[in-house]
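Residue numbers (the working numbering): 3 to 290.
Since no wrong hints were added, every one of them can be taken at face value.
The following label-pair restraints were derived from C-beta to C-beta distances:
id	residue 1	residue 2	range
1	Glu87	Glu180	22 to 28 Å
2	Asp178	Thr71	36 to 42 Å
3	Gly57	Glu87	31 to 37 Å
4	Gly238	Asn145	25 to 31 Å
In silico BS3-like cross-links for lysine-lysine, where the CA-CA straight-line distance does not exceed 30 Å:
id	residue 1	residue 2
5	Lys184	Lys255
6	Lys67	Lys12
7	Lys12	Lys127
8	Lys67	Lys23
9	Lys130	Lys184
10	Lys150	Lys127
11	Lys255	Lys23
12	Lys23	Lys130
13	Lys60	Lys12
14	Lys255	Lys127
15	Lys23	Lys60
16	Lys184	Lys127
17	Lys12	Lys122
18	Lys184	Lys195
19	Lys12	Lys255
20	Lys255	Lys130
21	Lys195	Lys130
22	Lys150	Lys184
23	Lys255	Lys195
24	Lys12	Lys23
25	Lys67	Lys255
26	Lys60	Lys255
27	Lys60	Lys269
28	Lys122	Lys255
29	Lys184	Lys122
30	Lys122	Lys23
31	Lys130	Lys150
32	Lys150	Lys122
33	Lys269	Lys12
34	Lys23	Lys127
Calculated from the structure, these hints are not laboratory results. Just so you know, even glycine gets a beta-carbon here, dropped at the ideal spot from N, CA and C.
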Amino acid sequence: MLLNTYEPWKFAFSGEIEDLKENSFGIIGVPFDSTTSYHSGARLGPIVVREASFGFEKYNSVFNKDLTTAFYDFGDVNVVPGNCEATCQIVEDTVNELIDLNIKPIIIGGEHSASIGAIKALYEKHQKLTVIHLDAHRDLAFNFIGEKYSHATVMRRVHEMGVNLVQIGIRSSSQDEEEFVKSTYNIQTFRNKDVHRHMDAIEYYLINVDGPIYISIDMDVVDPAFAPNVGNPTPGGLFISEIETILQSLARKNVVGFDVVETASNKLGDSTAIVAAKIIYDFLTLVE
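Build out the structure end to end from the sequences listed, making use of the hints.
Now the structure itself:
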């Protein structure tokens, strides 16, 4: 149905594409990691995350709720290995097709650069878009090793579109990135220690965000004790229960798109893939 997609696997409990319901969610995978600078393997993320999703029950005991949200798995986009900008354009085109069907995208990565194309497509439809970005890193470099399109520049490209940016879990950045944040008015930061010590304040902030929201979760936001196989693991990360709380705070908001990226593993049953699948599973359970 969509251009540039094929169907190697399905996320557990996904519906049949032939029975599409409007205002539902559509999963696409982006098997791309050509700008990865440390631990490669994120191109296999969509496969291992989908496989891990079959370990969950339809009843989510954490939230005492069945997964009843309508969603569909459209397969993976056909990326252009070695060409991040072209791959981002393919993601943008595919997300635009989903938007035309009144389907909200869920992206499984793949490296974080995939968010650029998805957010660009959504920003053209939702001008007052807020991006809630969970990550160990700011990803606000103007360029990285001479490249403007990369996993380390993704939020700089997104910010240039004019979105409001909320960064949660930050614990690694460059001095240039910190100076850039100080020079702007629409980047809100909650560091990892803020999450650990002041979750109530973060919940209050998120509940009061107005307008359409895009949630972008880099798996390195999770502490590497629980999710070690990511592009750039960084100690001091979030716990699973903290991510559950953040998702609960956002579930009743106008979430127009969602991604979980940077799962870098080449084996089935990997702990990082299981955590990534649970994050998507929890999100789908919570939204209505």
